[in-house]
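Chains A and B are the protein sequences, given in the same order.
The first sequence begins at 5 in the working numbering and counts up one residue at a time.
The second sequence begins at 1073 in the working numbering and counts up one residue at a time.
Hint data in this document are derived by calculation from the structure and do not stem from the laboratory.
Some clues are possibly wrong.
[Claimed, not checked] What the simulated footprint calls covered on chain B by chain A, stretch by stretch (three residues with Cβ under 8 Å from a Cβ of chain A suffice, anywhere in the stretch; the number is not a length):
(1) 1104-1111
(2) 1191-1202
(3) 1286-1299
[Stated by the list, open to error] Which residues of chain B face chain A? A few of them, derived with a C-beta cut under 10 Å, are:
(4) 1075
(5) 1076
(6) 1078
(7) 1151
(8) 1155
(9) 1226
(10) 1258
Please read all numbers here as calculations on a predicted model, not as lab measurements.
Where a beta carbon is used, it is the ideal one built from N, C-alpha and C, also for glycine.
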Amino acid sequence: MSDTCRLTVNGADSTVAAEGDTTLLTVLRDQLALTGAKRGCNQGVCGACTVAIDDAPMRSCLSLAANCEGRAILTVEGLERDPIGAALQRAFAESGAVQCGFCTPGMLISARRLLAETARPSDDAIRAGLSGNLCRCSGYRRIVDAVRRAAQELSR
Amino acid sequence: MSGVAFHRPRSLDEALALLADEEARPLAGGASLVAMMNARLLAPAALVSLREIPELRGITDEADGGIRIGAMTRHCETAAEGRLSGTLGVVRAAAGKIANPPVRNMGTMGGSISLADPGADYPAALVAAGAVIEIAAKGGSRRLAARDFFVDWYTTALEPGELVAAILLPQPRDGDGLYHKLARVAGDFATVSVALSAASDGAVSVAIGGCGPTPVASEAANAALSGRLGDAQAAREAGEILAGLADPVDDVRASAGYRRLVIPRMVVEAAAAAAQPARAA
């Protein structure tokens, strides 16, 4: 039992303060200043908190920091060094897929996994892959366009 | 400072010893437990992570041809498991309909069934598949049929300090297994669900989810459908039997009356789908 834990985030190791019930989202935002992940619902429904843990998109609001020791955490701040992540960031910007931006970090993390698994997903597959990320602004169309655009660029 | 302790046992025995403390809660994927903690519905004094316990992991073949799904198996793994074919396809299909991709990457079968949310997807599927739940306790383990494991609203047969260790499925048989889920929106809990397992020899097992405290199933409904999967009238009769046994409530998703109305229609639809020859998996 301890009140600190060691986390590996975007390739860097940190020792953070964490009680048993401290969520990864709280640690990322409050201690590591990685405010890309957002606290939208704190119930795992909206997807704004989505980060990748060992490459799999997961809800940081439902992850306990202490339970993430020894795992590799990737947030939106770490995407520019990732070929798929960087392509998605460019495509989101170029496609007008960012309005208020609140859903965007989570969308990028989910989309990255989708394109890592499927090089040229259909629009239906894109929507299914992003089905855990809600957007209140855009109506999703330009987000789907952006993912399709990134997929095309990556598979050239 | 919350003072909540966090334990990382390395074995099932170690975990069970820690869980003898009534104030301690087991932590599987956290998809439900942490959500409840965030909503201030639960405030455990200690958490016992099940992440590092080898006895709870993996999908393995049993000597009798059955399949053992470790309690810590995540929904994404179950949804991708090729061995859950034929009559066991119902479990695989249900896993793929749970919530959304990130939640499926975190949530576990053991954790999910331990909560026994009446709108969840596994209970009806496990009853239809004839699953047996293996429960680990300090004094030893015991097994219980899935239909006896789900007792009431958010209530299972687990005694304090006990853990789901694994879910045991019978040998997959030639046939089909499907899971139809009526929900307000993709990713929601089921308003009404139908889990159907149909063997090529004609035996059918069907269970309804979201329409009462526990899955609704009956030998009479199964008998009405067995050998008559392609018979819409037989399917309707089976559906009426199940609608009569269901005990749905009015809630935010639908009224009880709506659910009773929909059950037979969904059973007819599911039976027709299962009766299609050479259905894609």
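Going through the hints against the structure:
Requiring three or more residues with a Cβ within less than 8 Å of a Cβ of chain A, the coverage given for the segment 1104-1111 of chain B holds, as 5 such residues are present. Here the segment 1191-1202 of chain B counts 0 residues with a CB under 8 Å from a CB of chain A, which misses the bar of 3, and the coverage is violated. Only residues whose beta carbon comes within less than 8 Å of a beta carbon in chain A count, and the segment 1286-1299 of chain B has 0; fewer than three means the coverage is violated. Restraint check, residue 1075(B) versus chain A: the minimum CB separation of about 7 Å is within 10 Å; hint holds.
The restraint placing residue 1076(B) at the interface with chain A holds, with a minimum CB-CB distance near 3 Å, inside the 10 Å limit. With its C-beta approaching chain A no nearer than about 4 Å, residue 1078(B) sits inside the 10 Å limit, and its interface hint holds. Checking residue 1151(B) against chain A: minimum C-beta separation of about 12 Å lies over 10 Å; hint violated. At about 21 Å, the closest approach between the beta carbon of residue 1155(B) and any beta carbon in chain A exceeds 10 Å, and the interface hint on this residue is violated.
Checking residue 1226(B) against chain A: minimum C-beta separation of about 17 Å lies over 10 Å; hint violated. Below 10 Å, beta-carbon pairs count as interface contacts, and residue 1258(B) has one with chain A at about 6 Å; its hint therefore holds.
Consistency with the previously given hints fails for numbers 2, 3, 7, 8, 9, ordered from lowest to highest.
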